[in-house]
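K.L.:
Quick note, the sequences are listed as chains H and W, same order. When the count follows our numbering, it moves up by one through the first sequence with no breaks and lands on 226 for the last residue. When the count follows our numbering, it moves up by one through the second sequence with no breaks and lands on 741 for the last residue.
Any given hint might turn out to be false.
Stated by the list, open to error - Residues from chain W that keep clear of chain H, each with C-beta distances beyond 10 Å, as calculated:
id, residue
1, R144
2, M265
3, G372
4, L514
5, L676
To be verified - Listed next, the stretches of chain W that the computed footprint assigns to chain H, with coverage defined by at least 3 CB atoms under 8 Å from CB atoms of chain H:
id, stretch
6, 45 to 52
7, 697 to 705
Derived from the structure by calculation, the hints contain no laboratory data. C-beta atoms are modelled at their ideal positions from N, C-alpha and C, and glycine is treated no differently.
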Amino acid sequence: MSEVSDVTRVRALSGRAVEGLTVEAVRAGEVGLADLRIHPETLERQAVVAEEHSNPQLADNLRRAAELTRLPDDEVLAIYEALRPGRSSAAQLTALAGSLADRGLPRCAALVAEAAEVYARRGLTA
Amino acid sequence: MTAPQRPVGRVRFMDQQRVNLDGFAAENPELGLAALSSPHDPPASLVISDGRVTELDGVPEAEFDSIDTYIARHGLDLSVAAEVMALSEVAFARLLVDPAVPRPEIIRLSAGATPAKLARVLALLRPPELGLAMTKLRARRTPSNQAHVTNRLDDPLLLAADAATAAAFGFREIETTVPVLADAPSNAVACLIGAASGADGVLIQCSVEEALELELGMRGLTSYAETVSLYGTEQVFTDGDDTPWSKAFLSSAYASRGMKMRVSSGAGAEVLMAGARGQSMLYLEARCVALARAIGAQGVQNGGIDGASVAAAVPSGLRELMAENVMVMMRNLESCSGNDALMSESDMRRTSRTLPIVLAGSDFTFSGFGSIQRYDNMFGPSNFNAEDIDDFLAMQRDWGIDGGLRTVSPSRIGELRREAAQACRAVYAHLGLADFTDSHVDLAVDAAGSKDLGETDTLAVLSAAHSIRQRGLTVVDIVAALDECGYFDLAERTMAFVRARMSGDYLQTSAIFDEQLNVLSLITDPNDYAGPGTGYAPTPERQREIDAIRQARGVSDLRSEQARFAVPLLASLGPAAPGQDPRDVVIGVSPAVGRDVWRCLSGLAVTDVLREMLAGLEEEGCTGRVVRFNDTVDLGRVGLAAARLSGSGIGIGLQGKGTALIHRRDLAPLANLELYSVAPSVTLELYRLLGANAARHAKGGTPDPARNPYSDEAIEARYHTTVIALMELERRRMDAALSPEELSLEGLK
């Protein structure tokens, strides 16, 4: 089925072909954490599939995820923390959105910018 | 003032039944104690101006709270909104159960429906209609099931053995959690190793706080998450320390690390947090489900969850729980259908809660079947637990449906548990995490629960978990350790699963892996139910797996079981002659007695029964003989033939299964003087009494009436299949041409 990924063409975030993730490679000490991480192109491909199956919201989510593959774990968790209620001022969120946009994460930036607007109206800011 | 009257015994007796331990709440919409609707639920409404939602379920845009805002901006397909909102609730409800209306049409319409609209539509469905809607609307064609695997001690070897057991039983997701938070990394590793021993492609979750859960997933130690909670009111959402935007971001964070994720909601949560605003459980949940879709989650765990017993306490509560699951399906999302919290002390009520969903079939029938014993379930007891696995397997078989589980042979369970526990020990030792003794392995393999482990070193677990986290161990380290410890197959299979997940196909709606590592999801295995003869049906192979529970017995099983009790007695002495002595009483036995049938249903040996009968005859001054009648299996005919052969005219009939009677030569075949019909409960004393009474009849005396033993056990359930097989053994020995045979009394007197 065309909707199932061709594993021979899947790459890890590191760029390594997934087919090469074998026990032999592990034995040779050649497999690191970045070889286990999903590639943004994989997420983009899944977003297209989700869209084709009547779920544009899942597609959006996967495209935000594709952007987040570029951020380190700590930063991802820090953004989550900033979005929790009462953690950030509207200005801080707006600044965060700007920085995400500048770094090429427009969809995540839009999410944070929208939060800034709604949090200010609903008393969810710091 | 009069003292309250003590109720009569009948009522006191009813009061003592377990169902009366449950709490039942008077319906009270003000407190949110209303299942399907409340006077404070809004009317369904949607106003769109210039492509923008300006009113949602009675609330104008200026008053939108954060949940309304997120749904209005992201959750609705405005191109279909006018069409579906104009559809009457009854008309929409009928589409759900009309097999001629395909699932995609319901999905298309639901995408434009507001939360109140879906709540009102689903409130119209009666229970069988909810079942039909679930069968038609779940995303994945093939149903499946999820297990809880936990224990009080976080013992890694027991977790590994139990994860292997759960995987072998067919659970496609395993969720673990911890009584001690810091143990989490160890639990994840133990379940990873154990599940791989049990079956390929089982997804693992370690349910802890978000940051740690994400960290475990990032290292490939776990592969899905489902504890991202949503609530139906802004106040409760905020009290839960999140917003729709923080949850949306978290959803993307999981996906960015290649992890499958679903959100969690469900009736009763808002009531418990005193924030239901007087609205019904179904309406508030409708907001959660709409939000789940809006933030881009692929699925929802709902159907009560922690609040299941709150819903169960109010009228129509169970119906509400099932409606929640169907609503998730209408939103084109994966349903992980609750049933994961013990909602009643009554076995009947908890079965009543779960059965309709099992019959209809869901993406996950349980969002956590307790595969371990109740006391070991660190989520709190599930609605079904290890105590109930055989019941569940029998229920699947009874109804001929696929609840996702299968029978595993006792020897296979033993082997898998041993491999899992040994592999887990080897990995912990190799990585310098902890050393476990041989006897600990043996105890974990054999244990029915953590209480069977005795005293364990829980600090060793904590230290192992600490080490896994501090050293940043990943699934690659586990694979390397398995490989170096000689578990080549487990290493290969674990790595194959890592590769399979990298394609991201399992991030799609309702995705699970089958045991060949194919993804089954909305995309690859879409539900195509369109009425009888369509949709999912187990393959013949799968049906055999469902049907072949380990307790099933056939005639050949019974034949070999009976053969184990054979003794060298009751030899045939040749054709039996009519008796002349007025004290002669013939005990007639059925065709297989002394050949294939040696033990009665009661567990008594046929020879012991005959010995007692002969003794009873003798003590009343009669002489007994044993004659086998080969031309009938009917007890009345055996007894009558015995009477006709007796010098006294009185005979005893005995079937191999233990049913016995006294007959007289001038009675009709179906008449008798005394009958012991309840073969499983007849005792040696009663058989002796039957002998004595037959003698009294022979002498013209007064028999001492025997009372048939009574039992309140499900005696027919216990014995009917054995009776059928025993009668088949008797029938196969039938030979009309063979005259009655006198049997040797040697060893019986």
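K.L.:
Which earlier hints turn out false for this structure, listed by number in ascending order?
P.N.:
4, 6 and 7
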